[in-house]
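Line order of the protein sequences matches chains A and B.
Residue numbering for the first sequence follows our numbering, beginning at 1 and increasing consecutively.
Residue numbering for the second sequence follows our numbering, beginning at 1 and increasing consecutively.
Calculated directly from the structure, the hints in this document are not laboratory data.
A few of these clues could be false.
[What the hints assert, rightly or not] Per the computed footprint, the stretches of chain B lying under chain A, defined by three or more beta-carbons under 8 Å from a beta-carbon of chain A, are: (1) 42-48; (2) 97-108.
[Claimed, not checked] EDC-like cross-link-like pairs, simulated, lysine to aspartate or glutamate; straight-line CA separation at most 16 Å: (3) K52(B) to E101(A); (4) K98(B) to D7(A); (5) K98(B) to E102(A).
Bear in mind that the values here come from a model prediction, so they are computed numbers and not experimental data.
Beta carbons: idealized from backbone N, C-alpha and C, even for Gly.
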Amino acid sequence: DTGVSQDPRHKITKRGQNVTFRCDPISEHNRLYWYRQTLGQGPEFLTYFQNEAQLEKSRLLSDRFSAERPKGSFSTLEIQRTEQGDSAMYLCASSRTGGWEETQYFGPGTRLLVL
Amino acid sequence: DAKTTQPPSMDCAEGRAANLPCNHSTISGNEYVYWYRQIHSQGPQYIIHGLKNNETNEMASLIITEDRKSSTLILPHATLRDTAVYYCIVRSRSNDYKLSFGAGTTVTVRA
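The shape of chain A in the complex, shown without the other chains (with noise of 0.2 Å):
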């Protein structure tokens, strides 16, 4: 256990609907990232916050995928109108700030099915 949790651990959903993930980090990290995986392939990054700013998304966060992080603590990634392209692991890391040294640790995932 690293001390990064998500929430829920599996979803399955229809296509059409909406679906909402959260991330709570470990509490003295103040970056924090969203990472999506498919089956076979390595993780791969969407966007991070560091505090409540988001700071980078990737072009494969489509205008359907909206993330926040309120408070700099906890985050949310919500998926809007899910595809079944949309089924995937979604990942948390956390870390805190420290040049290139930086360690970024992994939540256990939320796995999406969408039906």
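Add chain B to chain A, keeping to what the hints say.
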């Protein structure tokens, strides 16, 4: 961005040392090498990282060649629980802290 090359898979015997190679021939002078592993259906787990010198912690040792173009992760006494996908990642200055995962090496530890 510095890319890494790893073998797609390898087997090792339980109780023996597992040596996992990684090539990163385009690495820049101040880029770190990070190793993570991912056990089936879990999130990636941080193992170790290094810049120039060899590093050791409770999980593994990291040997980086003098020219920094390759490295080896050593699991000193592999157990069945070490079966996982191992990722070698170079933290790139232009990537602004995000991690770029490749396909990794699927390591299977056999009894």
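Hint check:
1. Figure legend: the segment 42-48 of chain B, annotated as covered by chain A; annotation consistent (5 residues with Cβ-Cβ distances under 8 Å, at least 3 required).
2. Look at the segment 97-108 of chain B against chain A: 8 of its residues bring a Cβ nearer than 8 Å to a Cβ of that chain, three or more, so the hint holds.
3. For the suggested pair K52(B) and E101(A), the alpha carbons sit about 13 Å apart, so the restraint of at most 16 Å is met.
4. Restraint check for K98(B) and D7(A): not satisfied, since their Cα atoms lie roughly 22 Å apart, outside the 16 Å limit.
5. Between K98(B) and E102(A), the direct Cα distance comes to roughly 10 Å. Compliance with the 16 Å bound is thereby established for this hinted pair.
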